[in-house]
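K.L.:
Whole structure, please, built from the sequences with the hints as guidance.
These protein sequences, in sequence, are chains A and B.
In case it helps, UniProt numbering puts the first sequence at residues 1 to 356.
In case it helps, UniProt numbering puts the second sequence at residues 1 to 356.
Derived by calculation from the structure, the hints in this document are not laboratory data.
Among the hints, erroneous ones may be present.
As the list makes no split between identical chains, a pair holds if one copy fits it or if it spans any two.
Claimed, not checked - Straight-line C-alpha distance at most 27 Å; calculated DSSO-like pairs for lysine-lysine:
id, residue 1, residue 2
1, Lys310, Lys144
2, Lys230, Lys4
3, Lys91, Lys206
4, Lys252, Lys23
5, Lys23, Lys4
6, Lys310, Lys230
7, Lys109, Lys206
8, Lys43, Lys23
9, Lys309, Lys4
Protein chains: 2
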Amino acid sequence: MSKKLFIPGPIDVNEDVLAQMAKQVISHRGSEASALQEAITEKLQDLFYTKNNILLSTSSGSGLMEGSIRSCTLKRAAVLSCGSFGDRWYKMGVLNGVPADLFKVELGKAIEPEMVDKVLSTNKYDTVMVTHNETSTGIANPIKEIGEVIKKYDNIIYCVDAVSSAGGMKIEVDESNIDICLTSVQKALGLPPGMSLCTFSEKAKKRAEKVPNRGYYFDLLAIYEYIQNKNYQYPSTPSLSHMFALNFQLKKILNEGLDNRFNRHEEMANLVRDWAQEHFQIFTDVNYLSNTLTVIKNTQGISVSNLNKKLQERGFLIANGYGDLKEKTFRISHMGDYTVKDVNELLININEILGF
Amino acid sequence: MSKKLFIPGPIDVNEDVLAQMAKQVISHRGSEASALQEAITEKLQDLFYTKNNILLSTSSGSGLMEGSIRSCTLKRAAVLSCGSFGDRWYKMGVLNGVPADLFKVELGKAIEPEMVDKVLSTNKYDTVMVTHNETSTGIANPIKEIGEVIKKYDNIIYCVDAVSSAGGMKIEVDESNIDICLTSVQKALGLPPGMSLCTFSEKAKKRAEKVPNRGYYFDLLAIYEYIQNKNYQYPSTPSLSHMFALNFQLKKILNEGLDNRFNRHEEMANLVRDWAQEHFQIFTDVNYLSNTLTVIKNTQGISVSNLNKKLQERGFLIANGYGDLKEKTFRISHMGDYTVKDVNELLININEILGF
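P.N.:
This is the structure in structure tokens:
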């Protein structure tokens, strides 16, 4: 089957993974549910190169973004934003009464380690929020190098939004000093939307213990403690269907080999970048390009909406620019189990429509 | 297929509904997603006998419980509790800094309208939280009669937790003056867990507009406004798989006929009650019995755990008593698409095991 959704999630899901969504439900309080969550945990620890705990959440990635800024900020959060999703994280802090400041870079630019260093040197903050892969601009921020900066400071909880990168780009959580690395399943993990997950360090746990007003459903400490006390169970009833599919898909991901998977995403990105540079321009700072999507500057002044309408007639969909970047840019995304062949097929169709 | 999970959710799901969970995903920002959410909304309005708006949430029912007390309490919440789930609602208020008081009745007793009247006559409250069907005790509270009381007072937002009753017992939202009636899909609606939903009145909307600190993911006003402004779409990426299955299942529910469905649940309950009265006793005040589960007093001093172990060998599962009621009571639940035949089969197996 050729892939049709080239938007930055949700994406087309393989049939064998979809079949797992249709498994008969089990009790969420039995040993079978515990074993399932434990099996998922072990595989996610491999995927994230971490020994830290794994928390699951029946919600979109936004839920865990809200949960992390609210559960772990005692003093003040520094939210570093390079686009819409960073801005959203700051908004979540404000809407929960969490003291927070927003530091923005120009759209298309990255959050560089020096900027983080400067922000932290004020000694005003105890959490740092960084988007790894900003789907509104196509930036992949240098989260490992930012982690080196964070090491210099005492007691900073480092939270990374890896919603559109985890499973498609290498994220070494422990090596990068990341306390909370969150993602949702409908992006590079290749599942239908409806579940999110994060890594959760002991340091984050100790911080959350001191934070009042963490709420209920997204209180990361409460989820953590439930797992500890109830042998890998979940405080409320989780989406068991997503857990079946996630466990199955993680087996496939680890069987593919993480490096093979990450290389495949890079190959797809290279293909789109070459095409973009031939016909348009890349919108994003070329030193920090994402491997799961490319944002293309509409230098030819085409109507992106019209292109997308014609693509849809052929069974494909790409994404217009996000927010203010609509029509000024457009986005081609390739995540999960997509292949070079799928991307080639899309580009051939775009070429035919645009007469390239 | 004989049903095996006789716990108060999750329950066994019919194969044709499960198949919907395996449908290929679509863009959550396209017209197909809008049409899907609109179709679900119309059917849920029928199910709840309401003209009010319907909000969907990718979360367990706890998410919308938290969202309702937090989004709509300006002055102070009165949480009326007849068991564990009422207590949880109060706790959610406290954990979010919402001023709230807890009014408890003895386990096994109902929340009667007079009690609500007395609480509201203090003029201290502007939200009232009532559990419709308390699965820890088997009580179905008289939510319609409570609604009559609430009518006497100005500007009270009336929130009902119908998690384990909606779809199995008649709930006339508009007739009962309910502003927010919430449920999750893995109970009497007969779906796998992973989504919750609620009705949302204009009065609730106007209240939420005045409430600060509503958070992000469970801000009911934000979900409402997104639906209004974005033509039935959802602020973050929803579980499309659950939406496919929900729309399909609601069609089946309306085809069965609501009264037929509610009667079927009552017949199953009558069967279990008769059996319970023959061999044990009913734990619950018989004037307020739930039609989706029966809580049975363990007057014979059987080991409920052992019974359940033996049932599991035969492919069935019932629920032990909840919390402090463990072993003192046990619970038999029958929801969704279960039939009298399924319940009979379970009871025959219990009889064989216990030598009745």
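K.L.:
Next, verify each hint and record whether it holds.
P.N.:
Status of each hint after checking the structure:
1. For a Cα distance limit of 27 Å, the shortest separation of Lys310 from Lys144 qualifies neither inside one copy, at 40 Å, nor across copies, at 53 Å.
2. In this assembly of identical chains, the alpha carbons of Lys230 and Lys4 lie at most 27 Å apart only when taken from different copies (23 Å versus 41 Å within one copy).
3. When the C-alpha separation of Lys91 and Lys206 is checked against a cutoff of 27 Å, the pair qualifies both within a copy, at 25 Å, and between copies, at 22 Å.
4. For the identical chains of this complex, Lys252 and Lys23 are neighbours both inside a copy (18 Å) and across copies (20 Å), given an alpha-carbon limit of 27 Å.
5. With identical chains, the CA atoms of Lys23 and Lys4 are at most 27 Å apart both within one copy (25 Å) and between copies (14 Å).
6. Taking the shortest alpha-carbon separations for Lys310 and Lys230, only the inter-copy value of 23 Å comes in at or below 27 Å, while the best intra-copy value is 52 Å.
7. For a Cα distance limit of 27 Å, the shortest separation of Lys109 from Lys206 qualifies neither inside one copy, at 34 Å, nor across copies, at 41 Å.
8. Taking the shortest Cα distances, Lys43 and Lys23 sit within 27 Å of each other both inside one copy (20 Å) and across copies (26 Å).
9. For the identical chains of this complex, Lys309 and Lys4 are intra-copy neighbours only, at 13 Å inside a copy versus 48 Å across copies, given an alpha-carbon limit of 27 Å.
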